[in-house]
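Asker: Numbering (the working numbering), first residue to last: 29 to 239.
Keep in mind the hints are simulated off the structure, nothing from the lab. Just so you know, these numbers come straight off a predicted model, no measurement behind them. Honestly, I wouldn't trust all of these hints.
Each pair of labels, with its calculated beta carbon distance range [as the list claims (entries may be wrong)]:
(1) V88 to V194: 33 to 41 Å
(2) V216 to V47: 15 to 23 Å
(3) V164 to V74: 48 to 56 Å
(4) V105 to V146: 47 to 55 Å
(5) V45 to V191: 49 to 57 Å
(6) V180 to V103: 16 to 24 Å
(7) V151 to V189: 56 to 64 Å
(8) V90 to V146: 49 to 57 Å
Cβ coordinates follow ideal geometry from the N, Cα and C atoms, glycine included.
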Amino acid sequence: MLSAGRDEVVVVVVVVVVVVVVVVVVVVVVVVVVVVVVVVVVAVVVVVVVVVVVVVVVIVVVVVVVAVVVVVVVVVVVVVEVVKVVVVVVVVVVVVVVVVVVVVVVVVVVVVVVVVVVVVVVVVVVVVVVVVVVVVVVVVVVVVVVVVVVEVVVVVVVLLVVVVVVVVVVVVVVVVVVVVVVVVVVVVVAVEVISVVVVVVVVVLFVVVDN
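Take the sequences, apply the hints, and build the full model.
Answerer: Encoded structure:
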């Protein structure tokens, strides 16, 4: 009868040990799963926020570039129209002057006609040179503005890509570190609990067998 009682105590102790180990394992698995889910959700939220910020910045940059190009085109069109008007006015004035001079010259002297024609030709040449210089300057300014805008856009896009890559790498590293730390902590706690249970069982078995 004493042996049967000891056997029953041993069975009960073994059952308790198995139940404690199973409970510890289940708790460890649940904690690890919860931590992994929380970390993954936080990482996804961070990545989504970064992507949204990048998209907004790219849209703003595109709008600024389009506005600059539109302003440049409008300025070029206005300059060309002004140059056309100036050329027409100059030509009309020159024609009028030539006609008047010719009329006066017919009455006066051939030498005066030659001098006036030379002066008119010089004026026309000067006006044409000025117009060409203005057009060239406008074209150079437009090209410089477009090149600067394109360079700025390229730099902004490259910086945004670098920021996104850095953020994603940091998020991944943080996720991995958190998961590893949590798993290590849970495993250490589980091993400590199981060790305590095993020690208690050994003590109980020793007491039972000794009695």
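Asker: A separate judgement is required for each hint: does it hold in the structure or not?
Answerer: Going through the hints against the structure:
| no. | hint | in the structure |
| --- | --- | --- |
| 1 | V88 to V194: 33 to 41 Å | violated, 21 Å |
| 2 | V216 to V47: 15 to 23 Å | holds, 21 Å |
| 3 | V164 to V74: 48 to 56 Å | holds, 52 Å |
| 4 | V105 to V146: 47 to 55 Å | violated, 36 Å |
| 5 | V45 to V191: 49 to 57 Å | holds, 54 Å |
| 6 | V180 to V103: 16 to 24 Å | holds, 19 Å |
| 7 | V151 to V189: 56 to 64 Å | holds, 57 Å |
| 8 | V90 to V146: 49 to 57 Å | holds, 56 Å |
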